[in-house]
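Place chains B and C on chain A using the hints.
Here's the letter readout for the chains.
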Amino acid sequence: MMARVAASLRRIDKAVLVASGCSVALLAGGALYEPNLLSADYLLQQLQVASFLGVMATGLLLVVLLGHIDLSLPWVVTIGGMMSTSAAGWGALGSALAIPFAVLCGLGIGVVNGVGVAYLRVPSMIFTLGMNAIAQGLMVVHTSGFAPQDHASPAMHFVAVERSILGIPNALWIWLAVAGLTVTLLTRTAFGRRVYAIGNSERAAFLSRVNVKGVVLICFAISGACSAFAGALLAGYSTKAYQAMGDPYLLPAITAVVLGGTSILGGRGTYLGTMSGVIVVTLLSSILSIVQIPEAGRQIIYGVVIIVMLLVYGRGEQVAG
Amino acid sequence: MTAMLFRMQGVSKRYGGVRALTDAHLECERGRIHAVLGENGAGKSTLIKVMAGVVTPDAGTLELAGKPLATGNPAAASQAGIVTVFQELSLLPDLSVADNIAITHPPTRFGLIDGRAQRRLAEWALSRVGASDIHPLAPVGDLPLSRRQLVEIAKALARRPKLLILDEATSALAAADVANVLRVLRELRDEGLAIVYITHRMHEIAELADDCSIYRNGRHVSTFAASSKSPTEIIEMMIGREYSNVFPPRPEPKPARAAALRVQKLSWAGRLEGIDFEVRPGEVVGIGGLEGQGQRELLLALFGALNGVRGLVEVNGRQVSLSSPRTALLEGGIALIPEDRKTEGLMLRMSVRDNLSFAAIDQFSRFGLIDRKAEEAALSRMLELLQIRSDGFDQPVASLSGGNQQKVVIGKWLMTGPRIILLNDPTRGIDVGTKQELYRLVRKLADADAAILFYSTDYDELIGCSDRVLILYEGAIVRELEGNELSERNIVASSHNLTVDEAGNVS
Amino acid sequence: MRQDWVYRLSPLRKLFVALALCLAMFGLFISQHPAGFSSNVLNTAANKGALLGLVAMAQTVPVLTAGLDLSVGMVFVLSNCLASSLLAGSSSATALGVLAVLATGLCCGALNGAVVVLGRLQPIIATLATGAIYHGLALWLRPEPGGEVNEDFADFITGSFAGGVPFSLVLLAGVLLLVWLPYRLSVAGRAAYAIGSSEQAAHMSGVPVARAKFLAYVLAGLLASVAGLLLTCLTYSGEANAALGGSYTLNSIAAVVIGGTSLFGGSGGAVGSVVGAFVLRTIGDLLFVFDMDPMWQPLFLGVVLIISVGLGSFRLLRSKNRLELYR
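Residue numbers (our numbering), protein chains in the order written: chain A, 1 to 321; chain B, 1 to 507; chain C, 1 to 327.
Bound-form chain A, shown alone (with noise of 0.2 Å):
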């Protein structure tokens, strides 16, 4: 048993480390330009707003798991936001329901992204892709193309902004349950290991009996639901929802997965690696801006660390030998 436990870590370490490694680095790094950096302060405020990305990454590492993609993203986020404040605008029940409401639309798009992918069998990437737009059209529609109007429910504020347990952030409380909730899902039950098997060859887990279609419907909702959570914790945070507030979060995710260790052929990868991606990046945007570089440079400098960051730590499965 210890064994097994070891062999894992070791394979996993490698992205752990790199990714704490340069969280690391970049703190101190940034800690030159602006000690405030390494304040506690800081570094809650930074866990808070990752906490935010982070509960996104957890859907679409799931997804990515299985070899698909989740390209839906940016606007079930902003499904996410604008249900829940819509509802928050529905007097006391609509309030307390808030939240609930939005993840069952996330839910809801993320089932019919299911239903395309696994038994209609259109490519993922098409799929979610076209779902986004959907997605996208059914809420331009709603707000008649205006910015929404609502504001967030007290609930919504007390989950995204407060720190009610020692001083750490509600948001990071959630994520971190969230978390624990995932990793027990991939690693102790029988599902987790249907969705690695997925990941590294289909076929071979359709013909030992997996409910292939099955488990690819539960990840896609999941995602959904997922994303729309984040999406009315957004909402909560800046106390109303706005058109396209999910856009720019979809490549951060992605990133931070595959920054993680996840493979986006699928079949490897642990939420602890897109844990620590969903760090780094955060941090990395974070303190480019901190340290007051033109948006130019910020640009390049994300591209060129990312680069970097995936040659230290892993290659694609080389073809020859």
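Don't read these hints as lab results, they were simulated from the structure.
Every value quoted in this text rests on a predicted model; they were computed, and no experiment measured them.
Careful, some of the hints might be misleading.
Said to hold, decoys possible - Facing chain C, according to a computed beta carbon distance under 7 Å, are these residues of chain A, among others: (1) L120; (2) G130; (3) Q136; (4) E202; (5) R203; (6) L251; (7) I264; (8) I293; (9) A296; (10) G303; (11) L310.
For glycine and all other residues, C-beta sits at the position ideal for the given N, C-alpha and C.
Below, chains B and C alone, put in the same frame as chain A:
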């Protein structure tokens, strides 16, 4: 003109801690067929890859027609006229047959590919291997496996090799095509081509080889003229120990019991036509016949992998729905050992342990969570039973030899406690030693009251392992052979839908 | 034995469907348009379609190798910004400017190719990162939208010939004939299809995998920069618009798929991608012509995309062998 065309000396190669080849050597003359034999893991694949330049050896030299040949350089080997037909097909499914045949050195005109010249080349190569019925513009992915292997051989011939290396090149071919290929190889040899030929099939060696070399554990054991040793002697040299009875003895006929598996009027998509048969618990029923007569489809249908299957399937008297492999297992206790273990049987990158426990994982789960202790215990028992050899059971299963991989596939299903076991050509590409272990395992499972359906393309195996054999022809059972009737001649005849009477006359 | 033409036409099936769809939509658009089949209408439609068409062509090549280029939109934007500075002055200066922009596209493609082939990084993430770099470069060149363009040149590029044929269509056809077709018939082009079909088999067959993949990304960069030139001629300016780049990237993927190229690699072609691009562009035009608010566009775009790929999937679903559904 030197007679010795190719010479390889002192070649060694290590992969991490494993010594794939130690001080290997091989010589091949023009106009002779040199067979290379050995179990899986003996180093044959590595030997071939070194010759083809795909793998760089740690030590050793290669020499072609008296001139030294650069190692680890596929382009140099290709230039020198060394062409290899690998075991894994190197064909591109989306491209046409002609594109594939000319892929390495396409004829060009003004810098662009000359389609017409390419087609002429393809037609010539296809006719050379006796496959003129294949259309050069057909996408390779649409062809059945045996046709594809012929295209692979045609592709090699199109390169006008000086030295042709074939690694298990006939493993997927139908019997008629095999005869064709062997004939072509003999013709090429007579024209002066040097051929190195790897195979597991003894009768091919008898028909083809001039010289034989045996490898064991990465070392050269012996080289001799093919006719000078008997098959038994050859096998003993390959496995390094005495070779006794291949097949476990058949048990005494048991009193008739109710059928474990009953199939009635099973039909599917014109490939299976009204199949009726029964398998009793403890029986091993073989399925034979020419390739592509529906054997594979029959097993897939029973396992629930096919859509639109008509007919009745009963397990222990209860009807089983064939809507998916899940229901096949849950309702009928039916397990399938699939044809291609690498793509259908295993998740290559996952560990041996994870692969083994995979199909039975629900047995160790309570409320969705896996009970690791129970899983471990069951895994240890299975590993013990099957004698699976591996460097470590947390290693990815891809690192195991073919035979051990197949054991993992079988073990995975055994852990689910199946009542009906379907075996789809389980010993293809597996070394002699492991084959014997598998035969014993099959008989042991039958003795434990499982009902076993065994499809094999090897007549000896079919006869040796089965209690009776059903021959399929065009999707229907044409003959059932049992007892004294179970002979190679009868199998061959029935496979062609003919009968052989006592005088040996075919009708 | 079946006839040759069966085999030659079979892979073009998806292309014909896309073409039929495109012509039907365009016909509907023209019939409802108040100005009808006039030179202006045709010209505008052609220009918009050609922009996406060129980016879709760029995307096609890496997709054939079973890869992806998520930076095409940013190369497009970068080329636009660069051109807005260089395409000014005398004709010779303008000509040099055009060459410089194309060279930049080649370099961007080369960087993509290097990261994917030499760095052995997965294309999705590699081109995501390089896209950020190109965006940064574009911002550096044009922190604020602006620039000037040689007006004669721009008018020519975006104008029509005497018979009403828009130059952009001629440009598109020219690129297809002079760049795509030779590439497809060349060893490198066939190598791209081979790699997408089965990289391992291609390697075993001695196909120059590394070189062909690298070339695929270089070509993508080049084609994206041609699109950038066209954009500059249309807008007379350059803007480092990340949203535009992102939308072109995603739309190029959609166009490629609608046109019949498989995301798994090995089949399809640039002609289909151009048709797919026109299908997407015509959606917006149709909405305009039927007096619907442009805010409906994303919804229709998504629906068209899903239906068109869904139709392709139905064929697979009718397969009798469940096993074939799983890769």
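To see whether the hints hold, each was checked on the structure:
no.: 1; hint: L120; verdict: 5 Å, holds
no.: 2; hint: G130; verdict: 4 Å, holds
no.: 3; hint: Q136; verdict: 4 Å, holds
no.: 4; hint: E202; verdict: 4 Å, holds
no.: 5; hint: R203; verdict: 4 Å, holds
no.: 6; hint: L251; verdict: 6 Å, holds
no.: 7; hint: I264; verdict: 5 Å, holds
no.: 8; hint: I293; verdict: 10 Å, violated
no.: 9; hint: A296; verdict: 4 Å, holds
no.: 10; hint: G303; verdict: 3 Å, holds
no.: 11; hint: L310; verdict: 5 Å, holds
In the structure shown, a violation is registered for the earlier hint numbered 8 alone.
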